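Take these sequences, add in the hints, and give me the full structure.
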Amino acid sequence: MCQLIPLVYCLVNRPTRPVKFTGIDDAPEYDSNEDTQASSSSKSATSRTSAKTLYWIIKKFNEVKRECVREIGFGGTLDVPLWNLISRIFSTWLLKNVDCTNCAIVVDAIPALPFGPIDVNRAFGIPCGTRDVLGPKTKISETALAYIREQAGMPANKISLKEAEKIILMDLTPESTRLQKDSFKMAYVIILIGHMLSPSTKYDHVNPDFLGAVRCTDEIGEYN
Numbered sequence: 001m002c003q004l005i006p007l008v009y010c011l012v013n014r015p016t017r018p019v020k021f022t023g024i025d026d027a028p029e030y031d032s033n034e035d036t037q038a039s040s041s042s043k044s045a046t047s048r049t050s051a052k053t054l055y056w057i058i059k060k061f062n063e064v065k066r067e068c069v070r071e072i073g074f075g076g077t078l079d080v081p082l083w084n085l086i087s088r089i090f091s092t093w094l095l096k097n098v099d100c101t102n103c104a105i106v107v108d109a110i111p112a113l114p115f116g117p118i119d120v121n122r123a124f125g126i127p128c129g130t131r132d133v134l135g136p137k138t139k140i141s142e143t144a145l146a147y148i149r150e151q152a153g154m155p156a157n158k159i160s161l162k163e164a165e166k167i168i169l170m171d172l173t174p175e176s177t178r179l180q181k182d183s184f185k186m187a188y189v190i191i192l193i194g195h196m197l198s199p200s201t202k203y204d205h206v207n208p209d210f211l212g213a214v215r216c217t218d219e220i221g222e223y224n
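Going left to right, the sequence shown walks through residues 1 to 224 as the numbering used here numbers them.
If you're looking for bench data, these hints aren't it; they were derived computationally from the structure.
Predicted model, so just to flag it, every value in this text is computed and none were measured.
Treat the hints with care, as some may be off.
[What the hints assert, rightly or not] Each computed SDA-like pair below joins lysine to any residue, with the alpha-carbon atoms no more than 20 Å apart:
{"hint": "1", "residue 1": "166", "residue 2": "177"}
{"hint": "2", "residue 1": "166", "residue 2": "150"}
{"hint": "3", "residue 1": "162", "residue 2": "58"}
{"hint": "4", "residue 1": "162", "residue 2": "145"}
{"hint": "5", "residue 1": "162", "residue 2": "61"}
{"hint": "6", "residue 1": "181", "residue 2": "222"}
{"hint": "7", "residue 1": "60", "residue 2": "175"}
{"hint": "8", "residue 1": "60", "residue 2": "171"}
{"hint": "9", "residue 1": "166", "residue 2": "217"}
{"hint": "10", "residue 1": "166", "residue 2": "67"}
{"hint": "11", "residue 1": "166", "residue 2": "61"}
{"hint": "12", "residue 1": "162", "residue 2": "208"}
{"hint": "13", "residue 1": "96", "residue 2": "113"}
{"hint": "14", "residue 1": "59", "residue 2": "173"}
{"hint": "15", "residue 1": "181", "residue 2": "165"}
{"hint": "16", "residue 1": "162", "residue 2": "149"}
{"hint": "17", "residue 1": "59", "residue 2": "71"}
{"hint": "18", "residue 1": "166", "residue 2": "145"}
{"hint": "19", "residue 1": "166", "residue 2": "55"}
{"hint": "20", "residue 1": "166", "residue 2": "207"}
{"hint": "21", "residue 1": "59", "residue 2": "124"}
{"hint": "22", "residue 1": "166", "residue 2": "149"}
{"hint": "23", "residue 1": "96", "residue 2": "106"}
{"hint": "24", "residue 1": "60", "residue 2": "173"}
{"hint": "25", "residue 1": "166", "residue 2": "181"}
{"hint": "26", "residue 1": "162", "residue 2": "198"}
{"hint": "27", "residue 1": "60", "residue 2": "80"}
[Said to hold, decoys possible] Listed next, with one range per pair, are the computed distances between beta-carbon atoms:
{"hint": "28", "residue 1": "60", "residue 2": "112", "range": "38 to 46 Å"}
{"hint": "29", "residue 1": "113", "residue 2": "177", "range": "45 to 53 Å"}
{"hint": "30", "residue 1": "175", "residue 2": "95", "range": "41 to 49 Å"}
{"hint": "31", "residue 1": "147", "residue 2": "79", "range": "28 to 36 Å"}
{"hint": "32", "residue 1": "170", "residue 2": "147", "range": "17 to 25 Å"}
{"hint": "33", "residue 1": "60", "residue 2": "104", "range": "33 to 41 Å"}
Glycine included, each C-beta is placed from N, C-alpha and C at the ideal position.
Structure follows, in structure tokens:
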């Protein structure tokens with residue numbers, strides 16, 4: 001359940017000071033995790049969650065790509081907002097009050113605020129199926145990783161966010177093949193995992209524990 005902590009923040013986050021929304025064209029286009037996050041030696045809280053990066057990637061999608069996203073049950077992510085100002089102090093405070101065991105946000109003097117998969121589904125529009133994304137049938141092996149890399153069109157040595165970004169930014173048209181569309185769908189889920197749903201502490205790294213659910217694109221929407 002700890003993997004949902006970044007999502008909990010997005011579910012209830014309200015900045016402690018007014019948000020100034022500038023014109024979209026004035027906002028920086030790419031929020032690089034490598035350049036903007038604190039070093040590992042720093043005592044301040046660090047996070048590789050980057051909804052801004054995801055926003056600018058999605059903004060470039062044509063209708064064919066958007067329909068592919070809807071087909072796998074992630075249509076709600078197409079509306080990820082562009083937040084230009086978020087309080088990191090509030091973020092840190094909020095995450096300290098998350099009770100992962102009881103799936104609730106607990107703050108002194110107020111009732112606990114429970115949350116569950118359906119809340120994440122309503123907030124983000126991502127699948128809330130009956131299959132466990134970390135279940136025994138989705139355990140990932142080197143063979144399975146190699147298969148995912150091959151199907152997604154990635155280099156044989158690793159699955160990285162940079163490579164996934166290259167794939168989802170390639171041209172996709174109504175005449176594209178089933179394999180090309182499946183590659184896009186796999187890469188999109190990888191991008192979501194790496195930038196928002198379960199970001200790794202390592203730069204350009206994807207948590208492999210969740211990748212078993214993308215082996216068959218027709219079944220992605222069946223997972224929780």
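Consistency of the hints with the structure:
At most 20 Å may separate the alpha-carbon atoms for a hinted pair to count; residue 166 and residue 177 meet this at roughly 18 Å. Among the hinted pairs, residue 166 with residue 150 is consistent with the structure: their alpha-carbon atoms are about 15 Å apart, no more than 20 Å. A C-alpha spacing of about 15 Å is found between residue 162 and residue 58, which places the hinted pair at or below 20 Å, so the restraint holds. A distance of roughly 17 Å separates the Cα atoms of residue 162 and residue 145; the hinted pair therefore holds under the 20 Å criterion.
Restraint check: the Cα-Cα separation between residue 162 and residue 61 comes to about 17 Å, which is no more than 20 Å; the hinted pair holds. Distance hint between residue 181 and residue 222 is fulfilled; the C-alpha atoms sit about 18 Å from each other, no more than 20 Å. For the suggested pair residue 60 and residue 175, the alpha carbons sit about 19 Å apart, so the restraint of at most 20 Å is met. The straight-line distance between the Cα atoms of residue 60 and residue 171 is roughly 10 Å, inside the 20 Å bound, and the hint therefore holds.
About 19 Å separates the Cα atoms of residue 166 and residue 217, which keeps this hinted pair within 20 Å; it holds. Annotation: proposed proximity of residue 166 to residue 67 holds, straight-line Cα distance about 19 Å (limit 20 Å). Taken as a hint, the residue 166 and residue 61 pair is honoured in the structure, with Cα atoms around 13 Å apart against an allowance of 20 Å. Pair hint residue 162 plus residue 208 holds up; C-alpha atoms about 15 Å apart against a cutoff of 20 Å.
With a C-alpha separation of about 14 Å, the suggested pair residue 96 and residue 113 falls inside the 20 Å cut-off, and the hint holds. About 16 Å separates the Cα atoms of residue 59 and residue 173, which keeps this hinted pair within 20 Å; it holds. A hinted pair counts as satisfied when its Cα atoms are at most 20 Å apart, and residue 181 with residue 165 qualifies at roughly 14 Å. A threshold of 20 Å between alpha carbons decides the hint, and for residue 162 with residue 149 the separation of about 13 Å falls inside it, so the pair holds.
Our distance criterion of 20 Å between C-alpha atoms is met by residue 59 and residue 71, whose separation comes to about 18 Å. Between residue 166 and residue 145, the direct Cα distance comes to roughly 18 Å. Compliance with the 20 Å bound is thereby established for this hinted pair. The straight-line distance between the Cα atoms of residue 166 and residue 55 is roughly 15 Å, inside the 20 Å bound, and the hint therefore holds. A threshold of 20 Å between alpha carbons decides the hint, and for residue 166 with residue 207 the separation of about 18 Å falls inside it, so the pair holds.
For the proposed pair residue 59 and residue 124, the alpha carbon gap of about 17 Å is at most 20 Å, so the pair holds. Distance check on the hinted pair: residue 166 and residue 149 sit about 13 Å apart at the alpha-carbon level, within 20 Å; holds. Simply put, residue 96 and residue 106 have alpha-carbon atoms about 9 Å apart, close enough for the 20 Å limit, and the pair holds. Our distance criterion of 20 Å between C-alpha atoms is met by residue 60 and residue 173, whose separation comes to about 14 Å.
Using a Cα cut-off of 20 Å, the hinted pair residue 166 and residue 181 holds, with the two alpha carbons roughly 14 Å apart. Proposed proximity of residue 162 and residue 198 is supported: the alpha carbons are some 16 Å apart, at most 20 Å. Under the criterion of a C-alpha separation no larger than 20 Å, the hint pairing residue 60 with residue 80 is consistent with the structure, at around 13 Å. Look at residue 60 against residue 112: about 41 Å separates their beta carbons, and that is inside 38 to 46 Å.
In this structure, residue 113 and residue 177 meet the distance hint of 45 to 53 Å, their C-beta atoms being roughly 46 Å apart. At about 46 Å, the beta-carbon gap between residue 175 and residue 95 stays in the expected band of 41 to 49 Å. Restraint check, residue 147 to residue 79: a C-beta distance of roughly 32 Å satisfies the suggested window 28 to 36 Å. Range check, residue 170 to residue 147: about 20 Å between beta-carbon atoms, so the 17 to 25 Å window is met.
Separated by about 38 Å at the C-beta atoms, residue 60 and residue 104 satisfy the suggested range of 33 to 41 Å.
Consistency note: the structure conflicts with none of the earlier hints.
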